[in-house]
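**Student:** The listed protein sequences correspond, in order, to chains G and B.
Under full-length UniProt numbering, residues 1 to 964 are what the first sequence spells out, in order.
Under full-length UniProt numbering, residues 1 to 328 are what the second sequence spells out, in order.
Worth flagging that the hints you see were computed from the coordinates, not collected in a lab.
Note that the structure is a prediction, hence the values are computed from the model and not measured.
Note that the Cβ used here is the ideal one computed from N, Cα and C, for glycine as well.
There could be a bad hint or two in this list.
[Said to hold, decoys possible] Computed, partial: chain G to chain B, Cβ under 10 Å: (1) Gln34; (2) Ala318; (3) Tyr559.
[Claimed, not checked] Per the computed footprint, the stretches of chain B lying under chain G, defined by three or more beta-carbons under 8 Å from a beta-carbon of chain G, are: (4) 4-14; (5) 95-106; (6) 241-255.
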Amino acid sequence: MHSAYGDIILSLYQPSTLPLLGFAVSLLLTLAEQEKAKQIKISALECLQVLVLQCDCQEHRHLDEDEAQQCGDLFASFLPGISITLSRVIAGDIKQGHKATVSAIRLFYLIVGLVMADKQLARIPKSKEKLLVEHSKISELMIHRGPDWTKSTAEKLSLLLHKVVESSSVHPHWKVRLELVELVHHLLRNCSQSLVDSFSHLLKALVGLVNDENSEVQSRCNKVLQGIAEQRIVAQSRALADVLSENLHSLATALPRLMNSQDDMGKVSTLSLLLGYLKLLGPKINIVLNSVSHLQRLSKALVQVLELDVTDVKIVEARRSGPPGPLQQGVQKGRCQKKYFRFFTEEKVFQLLQQVCRVLGYYGNLYLLVDHFMGLYSESGLYRKQAAMILNELLMGAAGVGVDFLQEREVPPSMDDLKRSITSILDEYMDQTNWYLVTSIDTEEGSPEQSVQHLGLAVRAGGTSSSALHLSPEPPVTARTMNSNIWQICIQLEGVGCFAAVLGKEFRLLLLSALYPVLEKAGDRTLLISETALGTLADMCEACGYSSVQCLINENSDYLVNGISLNLRQLACQPRASQVLDTMLRHSDASLLPLIEDVIQDVLSALDQTYSSQASTFLRVLHSVMTALVQWFGMPSTEEHQQRQTDKGQSRAQSQGQQEVTLTSQEVERFFLDYISQKKIAEGDLPDLEEEEEADEVPLAKPEPNSDMEGEAPMPSHAQLAKDVMERCIHLLSDGSLRVRLKVLDVLELCVTMLHPHGNHLLPMAHRVWPALVTRLVNDDPLAVLRAFKVLCTLGQTCGDFLRQRFSKDVLPKLTSSLLSQAPVSARAGPVYSHTLAFKLQLAVLQGLGSLCEKLDMGESDLNKVAEACLIYLSAKQPVKLQEAAQSVFLHLMQVDPDSMWLLLSEECCPPWEPPHASLQPVNLSGMGRPRNELTDNVLLLLQRLQQQEGTAPSSSTQQAAPS
Amino acid sequence: MALPPPDPQFVLRGTSAAVHTLHFSCGGPEPDIPLLFSGSENGFVHVWNLRTRRVDTALDGHGRKSVCCVKTMGGKDRLLSQGRDQRICLWDLAEGRTSVTDSLCTEHVGFCRCSLLQVAQGRWLMAMAARSLEEVQILELPSKTSVCTLKPEVGAKLGMPMCLKLWQPSCGSQPVLLAGYEDGSVVLWNVSMGKALSRLSCHQEPVMSLDFDSEKAKGISGSSEKVLSIWSLNEQQNLQVYKTHELINAGISDITIRPDKKILATAGWDHRIRIFGWKKLKPLAVLDYHTAAAHCVSFSDHSSPRDRLLAAGSRDQRISVWAIYAQT
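Working from the sequences, and respecting the hints, build out all of it.
**Tutor:** Written out as structure tokens, the structure is:
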């Protein structure tokens, strides 16, 4: 046969040789089926293949159409026999080896493809040709491939194909599966009309094999699919589309059940089947979608499959720890949060579902789909999360983001369409009822917030028609519902991110409505939500072309301010609005101030109206406002100020030192000049000094109307704000709640720092703050005392001697007495003591007292009081930290009054002391020659320091003096 | 129970000065961006894009002196602005230009806003307070030719004109001017004859603002006192008081009747915007948002009633935009 060429071979395939051929065929078939030896089996199959002129080798001349037709006619007689036998072989024992199966499959599709070829069938005349009479016997054997025959054969073949596909698609050897792909390919190409009924099986097999574990099968499969799509076989043939949509329908119906019962692998294959159908349908998808029942089935299936697992309590519990960190670039781009589904855990399954949705969005009618899923979204809370998830993916798909598709769609949806859909979805997402859900029942802040939320809904409802709905009593909030709510918010946030990505720069317009809610969520206390919101922000940044989140916020601060200001007007939204303001402040710079000025005023007036209920919320905002202001308008004069302070200290140190050490004439002169200027200042006679100096000193002197007038110069707005804030702080200082008081003290400290350059305004305020502050210092919770003391230190830094009198009268006695009373306790205490509040208080007081005394320039008696109180803390029995702090007090005191300190310390203990000059009387101090005690070490150390300090000043001055 | 008053739909910030006048231009077909013009105390006219809610352009033409009146002439490309620098500027804003095409000097030192009336395609009449204290001058634009000067009778002691409203009765084509004066009276002038037809003393204090509904032949005026006064014009061209409405707080700086004549809005010194039904002057709403005196109110000219907006400008530098009673 192989060697036969050209026409000779054709002569063999005349109708007259039919019986002979038949004999050969049946012989080979029997061999193929029943022979045990693999080799023979395979040879038989190969031989048969040659016999039916479908040899693999290329040397034969290709048959032209007529000849093929002729052969087709001829082989039609053998088709039943061959196909049945082969299908048996294919479905036979696996032990026969894959080669046999492979060649059986190949033979099967070759012969079927030949006989049932669409091209040939189309050419079959209606009626049977009259053959010559002598062949009448043979002609009975000949088969006329008319429509009837085609139909019945196709039916029978469909059964066989089903069998073949079923057995070989799960065949363990990949070559068999590969051959199956070829089979589908061949038949689809050649017999797409005649074998239409079998296609549901064939396609199912093909699509199912897309995810074969063998990469070769996979790639071939993909290529075949690609080929099918490219040739628009499906697009052109209505019948195929029908088959596919029918398959789709039944699959969609079974999907939830399958997802429930199958293992992960099964789920993957089921879903890839679904995906394959959709992809094959391509643009024809709309036919399916336009049928209500199809769409219903499909959407319900998706929604059910995507059901989230909401039992995890951790999500509800996970709180953002501490204040939110800065949202800089570091925020990783909005990667979706890992979700937990009820029906599957495999990530792959989710990806497939994602693809399904995207492909739907890619080909499908966007308006129809969006409308349908929006319907589901609002239909029931059960579907809401899933519908939102699907909507997000749909739009991604519609924009062609991350979709695998087999063929381009004809018309991509216009930007306008996308925008319109997205706007409507966003509106729905950010609706009051969908955006503000109960996510926590915090005892501390949550409960008022929550009750307020109810209120808010009620208030809001007043405006809308559906008021009755919201007013219905809420079901008790369980962890499950909260978890579900959290997920819903997260999904919606992710959606916003997706939409931004889809619209790109066009999204800028939507920032108007979208930025504020997202930022609000970024400040949420639930970790998951705030993280997701941050991701969304990053997405938005990228989409809209901003370089950083900060940039995004800065550029759109007007939109945010608008939102904040409007929300502040509603009691329910106040906490959230203040949160946004908070976030905004943290990520902006001074350029924002003119814009937010009136909003801060709004905050203040809102605070004025709700002192009792919302104080803590607003204080947080005030705190961030003040922090921001201090940061933006940091004090340029601080350094100056300190400079001045040290100058003062030095000059004093010098002037004091002069009495003991020999003097140069210049120093004497300087001393007197200093003295005169000090005296002048003390008399209130100020030449043109810098403003702050004036501020510090003037109020002490008799108030001059002139300087007051000058002080009326308009304050910069930030200082004005600080003043306004401080005003509120005065009222809140005596709030009932400790937490509020602590916060107020913090804010107060910032206010003081802020107002520092504007002494004319600060001092009256300080005067008003004083009484309340004293109460905090004198009898309040230790925590409050601690903070209050810090405020006092800051105040002392700026107000200086303004406070001296008040301090020594109101506060000092209490402080010293508490120090004295606590000393024995701390001396006795063990190592744990350093973690107690009492310790911290002691430490803070000791650390602050020194510099405070120095700043306030305290009088001698007060200094002595302080020194006395601190002396005990020099004891070696005290904790080391306290000792160090006490040392620092003394170091500061030495700056103010070295002599008396020296005396005091020396009285405790002192080294044997030689008078510097023989002419001087030897001095006897009580500390001399005392036995070593607990104080000795520290006192000696201090004395040494004192010596150094006093020693350096004169020595440096002598050095200076020397050249002159 | 009455519904609580709504919040503004949005608030425009960034004029950085008190807002004295507002004018919408939203009537264009779809691709046109709806605009709002605002004139502020620092002499700028801001053009707000109502879609992005941001300033598109800021026009500086009045030497940092307060802008007291902004009007469009025809489309949104031609703009008229009047400033306290005693100038009226005509702007060409087409294709992104921002140039003053023409300007004229009013030589009037008061606050009186001018009034504009289109009499034919491309021809406008403008009434403005003139140099001598009591006079009102009528000009034709864009030619700037003076039509007439309206002088009160000797000894009428009307004081300065405070507000003007040019209108055209539906039947007769003669333009008519309503002018509110410092002494609290409203005078009806026949522009072509240059003579006063009727005078009505309806306020004790200067008339701050007035608006007139030519269909119902009724008008309303507000002054610095607590009373709104509604007056009607009878067949004999006589003004007579129809009704007065007592307010809680004194001082009305602007009154506008919505183009469809169903409601009207007042801007009060008490920071509040008040909405009344025009037919019976039924109080409908008090819009409370601003934190300083409201200076002006304006209704938008959207072609579809559903989109209609109300804007109010205030001394607190903000412009609040409200969607209110849009359906009715």
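**Student:** Confirm or reject each hint.
**Tutor:** The hints, checked one at a time:
| no. | hint | verdict |
| --- | --- | --- |
| 1 | Gln34 | violated, 80 Å |
| 2 | Ala318 | violated, 34 Å |
| 3 | Tyr559 | holds, 7 Å |
| 4 | 4-14 | holds (count 8) |
| 5 | 95-106 | violated (count 0) |
| 6 | 241-255 | violated (count 0) |
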